[in-house]
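The number in the working numbering is simply the position in the sequence shown, starting from 1, with 343 added.
FYI, nobody ran anything at the bench for these hints, they're computed from the structure.
Treat the hints with care, since some could be wrong.
Claimed, not checked - Mimicking PhoX-like on lysine-lysine, the simulated pairs with C-alpha atoms at most 20 Å apart in a straight line are:
hint : residue 1 : residue 2
1    : Lys444    : Lys395
2    : Lys514    : Lys469
3    : Lys477    : Lys367
4    : Lys409    : Lys395
5    : Lys494    : Lys423
6    : Lys444    : Lys355
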Amino acid sequence: MYEIVQTKRQQKHFETTWEYFCNKYGWYNDPYAENGNRYNLLLHKKGFCKRKKVIGTIEFIPYDPKNPQSTVETRFQFSKYDEIKLQQNRIWEIDKLCLHKDYQRKGYFHAFSHVLYDHITKNEPKYYLALIEKKFFRMLKMMLGSVVEQKGEALIGPTTALIPTVFNIEKVMEDKERVNKLLTEYKIYS
344 MYEIVQTKRQ QKHFETTWEY FCNKYGWYND PYAENGNRYN LLLHKKGFCK
394 RKKVIGTIEF IPYDPKNPQS TVETRFQFSK YDEIKLQQNR IWEIDKLCLH
444 KDYQRKGYFH AFSHVLYDHI TKNEPKYYLA LIEKKFFRML KMMLGSVVEQ
494 KGEALIGPTT ALIPTVFNIE KVMEDKERVN KLLTEYKIYS
């Protein structure tokens, strides 16, 4: 289950979850993009109260290599690649992707597939660009294979390395069987 961040309260939950990771890893917290689409990944609690708990975040930002606040281009020059230059109007940056520490390595990551599917069907991107933490990149590469491509050398930081990554979303969506598998591995309860 997920929600698109639209209210101040949803934004506060997003910030609380994301900023925990910034503090934990000593990351610089990029500004929240005015034109970004933010999603909160939710855990639906059962019982009398039936509250929803934010367990993860992701922000999608339209890619603009000339934007001085670009979360990817300012650290790695994706725009030097022809496939990126030619498709700029169909590319989104992924930023602020995290899963709360209490839900890591417990099978909750697959819930992001529903968030991605929602964004993909609404915006029809060709590529997503991101700077992905090294261990997380390896997991994505094992899970998705050749649609996840490293561009250039890792960016080494004080606590972790970030991998400049291109996700070929069109290629993912062509594989209907894989898409269906990703969407059914984690059931969404509304």
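Q) Hints broken by the structure, by number, lowest first? A) The structure breaks only hint 4.
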